[in-house]
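Asker: Here is how the chains run, residue by residue.
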Amino acid sequence: MPRITVDGRDYEVPEGRTLLQALDDLGVLMNGVEIPHYCWHPKLSIDGSCRLCQVEIEGQPKLQIACNTPVQDGMVVYTRTERVRRAREGVMELLLVNHPLDCPICDQAGECKLQDYAFEYGVPRSRTREPRRALKKRVDLGPTIVFDQERCILCRRCVRFCREVPGTGELGVFGRGDRSVVDVFPGEELRNDYSMNVADICPVGALTTRDFRFRIRVWFLKEIPGVCTGCSRGCNIHLGTAYNRVYRYTPRRNDEVNETWICDEGRLSYKAIGAPDRIREPWLRSARGVLEPATESDALGRAADRIRTAAEAHGPGVVAALASPHATNEDLFVLRRLLAALGTEVHGMAVPRGRGDEILLREERAPNVAGGRALGFGEAEPVLDRIRGGGVSVLLVLGHDLLDPRYEGALDALRRCESVILLDTHHSELERAAEIVLPVRHAAEKLGTFTNFAGRVQRIEPAVEPPFLALSDGETLHRLGRTLGLAGFAGVYDVRAISRAIGSEFPAFAGRDVDAVGPLGLPLAGDPA
Amino acid sequence: MGQRVPHVTGYLTEHFADDAFGTLAGYRARGGYETARRVVTGMSPAEVIETVKASGLQGRGGAGFSTGLKWSFMPAETDRPKYLVCNADESEPGSFKDRILLERGPHQLIEGILIAAFATGAEKTFAYVRGEYAFPADCLERAVAEAREAGLLGERIFGTDFRHDIVVVRGAGAYICGEETGLLESLEGKKGQPRKKPPFPAQFGAFGMPTTVNNVETFCHVPHILARGPDWFRSIGTEKSPGHTLFGVSGHVVRPGLYELPLGTRLDEIIFEHAGGVPDGKKVKGVIPGGMSMPILPAGQLDVPMANEYLRERKTMLGTGGIIVMNEDTCMVRVACVVTYFFRDESCGQCTQCREGTGWMNRIVERIERGGGESEDLAVLLDVAGKMEGATICAFADAAAWPVQGLLRHFREDFEAHVRERKCPFPASFEL
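Quick note, the sequences are listed as chains A and B, same order.
Just so we're aligned, residue 869 is where the first sequence starts under my numbering, counting upward by one.
Just so we're aligned, residue 37 is where the second sequence starts under my numbering, counting upward by one.
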């Protein structure tokens, strides 16, 4: 492997990479080695046009762009010389010649690379007296993206993204010289399943999402690392939160999972967190046959009563459970323990499905399908068959995955149970069959892990608190177990201890607890993935 | 139709007065294609490259790079098809030599291409002719058809395994498509934008294949070098810049037009002896020696031999040999307006410095010309030009910066007078 020296420090770098790529591979780019850049993006082809990443290389008379200069053994690079400083200053000044400088009303302000780099590398005065280009403002490029042509610095990341990632190529650069503009091709609009990524990679305020723009000043946001729950890919995200609300999901880089992208559907799934149809309190079916609000202890008491009565009358096998792939490994592990303590082995897991693609989106539309399977939850159909055959009296249901069209008639089947105990985040038709409804926390509101389709265990943590009393599925089940007086369910629920305990029962999870997997997750032990 | 024959001819253009020279029969009657036959049947590619290297032939497209060396960059052992590109996108303002070479001597060009193809192992040549050159492109197409009909293009040329063909492609009128990688992009049907290097065309050129791009005139010298030998070629011109070239003289001269002369001919000799000097008894104010992208020379520096080693000492270059003469009435700020407008208009817009710098310079000089200049504008102009130089994907930004630097170096007083008087003090100058 070639060895290079950057600002006096030695690095062993991968072969066949350019300087920026190699430093990015090592994780030191803008994290020890400061080489500002606009057009270069680790997951897009090299453009070489913004010219900001110029560095001095020993033996080369001219400054070279780090993004396109192949590393060579013995290369000696300087990033902090006077020449480099002046070159950066020059690029920054020229980028601002035509920029509208409308930062006070720009939604990118605060997370704008033009602001940041102008502050860091630019000149503090303007020397231009000339009028700036007047171009299109607030253009709808499509249903998701709003474009400000004046702010664009023509780095062309968005153009390359559309060509190279979704492969839709709606965008191009039109015109020449300082009349160049990014735009959609005539008669087209920016419309693809990944369109909103262009707003993330746009270094300036030119491309913003219709969904997020002007909702909040970004400096009020706290970005909490998490995992998208939209499908079994488990794209790494940041949850942008403020005032106990989630304002957006943005992709968080994980080269093993989602690179730097997220699909539009997953991105917008944050809306479910604060949705008006969240279940905010326990509900119990009254004698009149309608669901009425109840206290948690009443709900848990009734649930425990139903389970105990049924098990005593017909044996524990009439108590069954349908797990949810939206629940965490910890939630599902508590469910396993509860079922084991009750002595029933009747369980399964309903998996909602949708259209998948070749990029990120998976057909299995839940984050923890592989986790559920690894913890022993099989298909839902055998359980449903058993219910239809009258063999189930009390059914514990996590989530409303059963409403997926592939489980047609599941609602009718559930009505055959004497009692359905539902733990869910959102109101749904499933409640019609439920006797007891318990509110639970959304993934954005709890600590735990998901196992993605490839067997990678990834951590989620509470980004917001639910504005009502609700516990995680695991803790709710823990309290149910305690109400039932089951062994091992006494005491306070400790999700970290549960997370560690998974590994002792399921060796693949050993060392994969919430505190061990780190921000980028870890593959299941012994898993080839 | 413009000029048919240069005012002064030499080995490249001596038969251009003869209409028949443009036909296959006429060209053959002058011994045409005999050199190519001898090369293809009797020499090895390496020998041809060595001969061209030994001749010292420099590319005539503007950069003046060694042609033989460029050919030697083509990978010898490769399974991939190799290509040549004949750059006939002659777009440099002040330059009009390739046009005559295409119109009056297309077979001379084809013979040069054949020899280059044999030397580099190229199986096809794309001749990229600028869109405005409709007639020159027709002339070349006709000649290519004739050559193909006669078996000089196609399979088994001269009865050997050597095969080659030429595809004539017409551009759409962008200056930047004369830059070799901008040309390649355009050739592939894309927007004409120069490619970042590496990779270089010899590794990844037209359609991703190894490619060498040469100017029309460069190819035209090749048959003569192979016919008469590198020593003969080196006996013409200067030691470092051998051979003839076609100087295009325009502007305020009595006899504008083309002059085939040895490299190293003095600029004042070309202007005053060959082109008849400035009309109406006026004096020269400044001369652009090598097409608009080269820095201007003031009247006092015309005693320079027209070869890069001498022109560089005066901070300018031979470029494409397009000599633009300006008389004493000329307003150099207006010249700057024309030059910066051109480069602003033609910048492809990829690189920050070029896209923004060309426009900024143009707006500044136009404001100065209108009488709105400030004294600090000149420093800004020089600073912007300095930021553009050597910092971009291709040499266009240099080409845009150099003339501005040259004008300010030699005619700063013109700019200062505009600022001082708050108007243009050259009422007799050409109109913008």
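Misleading hints may appear alongside valid ones.
With a straight-line Cα cutoff of 27 Å, these simulated DSSO-like cross-link-like pairs (lysine-lysine) come out [unchecked claim]: (1) Lys232/B with Lys1005/A; (2) Lys981/A with Lys1090/A; (3) Lys930/A with Lys232/B; (4) Lys318/B with Lys351/B; (5) Lys911/A with Lys318/B.
Just so you know, the hints here were simulated from the structure itself, not pulled from any lab data.
Asker: Determine for every hint whether it applies to the structure shown.
Answerer: Do the hints match the structure? See the list:
The suggested pairing of Lys232/B with Lys1005/A is violated, with an alpha-carbon distance near 31 Å, which exceeds 27 Å. As the CA atoms of Lys981/A and Lys1090/A are separated by approximately 18 Å, the hinted pair is consistent with the 27 Å bound. For the proposed pair Lys930/A and Lys232/B, the alpha carbon gap of about 15 Å is at most 27 Å, so the pair holds. This hinted pair checks out: Lys318/B and Lys351/B have alpha carbons roughly 26 Å apart, not beyond 27 Å.
As the CA atoms of Lys911/A and Lys318/B are separated by approximately 62 Å, the hinted pair breaks the 27 Å bound.
Of the numbered hints stated above, those contradicted by the structure are hints 1 and 5, listed in ascending order.
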